[in-house]
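**Q** Just so we're aligned: the sequence shown equals residues 1 to 450 in our numbering.
Using 27 Å as the maximum straight-line C-alpha spacing, the simulated DSSO-like pairs for lysine-lysine come out as follows:
| # | residue 1 | residue 2 |
| --- | --- | --- |
| 1 | K424 | K381 |
| 2 | K99 | K133 |
| 3 | K405 | K424 |
| 4 | K133 | K111 |
| 5 | K424 | K385 |
| 6 | K405 | K196 |
| 7 | K96 | K133 |
| 8 | K141 | K111 |
| 9 | K405 | K381 |
| 10 | K424 | K62 |
| 11 | K196 | K99 |
| 12 | K385 | K405 |
| 13 | K96 | K196 |
| 14 | K99 | K141 |
| 15 | K196 | K424 |
| 16 | K111 | K99 |
| 17 | K196 | K133 |
Don't read these hints as lab results, they were simulated from the structure. Being a predicted model, the structure only gives us computed values, none of them experimental.
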Amino acid sequence: MLPSPREEELFLRQMVAFAGQLRAAGVEVGTAELLDCLQALQHLSLARRDHFKGALGATLAKSARNREIFDLLFERFFDPLQAREQQTKRLEQQEKLIKQLEEAGEALQFKGEPLQLSDDEKIWYASLPEEGKAGLQRFLKATEEGKKVEASFRPLLETVVRGQLRYWRSRADAPAGEGGAGSKLGAPGLRHLDLKDIREADLPAVEELIARLARQVSSQLVRRQRRLSGAGAVDFRRTLRHNLQFGGCLFKIKYRRKQPRRQQLLFLGDVSASMSRYSTMILQFIYGLQTSVKNLELFVFSDNLEHLTPRLRQGGDPGQIVEQLVRRSKTWGGGTNIASALSTLAGEYASLLNMRTTIIVVSDTRTVTLARALEALDRVKTRVKRILWLNPLPFSEWSCYASVKAFAQRVEMWPCHTLAQLEKIVAGRLLQKNVSGKEVGNEQAYCPGR
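The task is simple: from the sequences and hints, build the whole structure.
**A** Quick look at the structure:
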């Protein structure tokens, strides 16, 4: 039975509304894509949900990243009543979350101004028991009323408050196997979650997500390398054979395919106590790029430098290999001595450093003997193509550390504490020259002045 004009109008309104949700989520859907979608649906039976979803996905979501967003929104938008009820509950939870953030902002103030805390930290505060909230309030009030307490005391106060919030959160997370909020996040949520806040229950999903992102970025790098490599020399044999149809006149010139020059990467991960989670996960991501790079060398350091590549060449699952390396590593979880690591790299592994090598460093820059570390960095910098420094510290905290400013004046430094940031930096920067003033998400990079 043919649909009535009223039903057609309602269906069209529904499709326009769905396209609007896709646009709001960052998927580029215009009038042309929507018309293509409607035309494709004319040749399908809308009674088949899989056919309906396939047609929408093929015309409205044309990249892997957009497909993830499409799948999520499709299930929410076109699901039956039960899913609608779940969506209503999620909206109620979002409204509750917004209210909690506002209340936390009003409660956590110093001299009339809100403390600079992340949304996650405000959520932790909102979930505190009353005794925890009361204790923090008493501390803030006593500090504000103290003698000779100036506004410059704010950064130290914020650090203390963050420590208290982490303490209360660790107490709440203590019972093993009990999932709280965020214990089973989907892939979109995990991509934007601070790596240090990922729970044990989510690690298998995170490892799978890292592998998938690495494959996607690796494919992007290979395609871009081929595009940038250009054409090679004239291929006379193919040119003559192709132009025989024109009586020997050379209308079309054929060129040899020029082999793209693949990247040479050297990973240097800080595995001190505060950095081990970041370096472990970023190491797995970089290891997944090996198909798109010519040479990949992996190092970790804390007090000393350790070369991981020989063990990784034995083969096997990257996640399991990295886990074994973490257990065996002599330097995992110690202090940080960047000077020692860079000096060892320049001395014992000098053959790996050349003008085709890109070094990716993961560290918050907090090290002993800062002056010696800067001297060692200057020596290494002159012997390689470039250095990309990924700093897990939130960009808002960079100004609090002299070491961050000192290192950022010498190399290209980016804030990187989520998988989304890591993906964007590697895919967007690895084949580009240093350019200051670019953005990753909403955060500004510190790059060397030129």
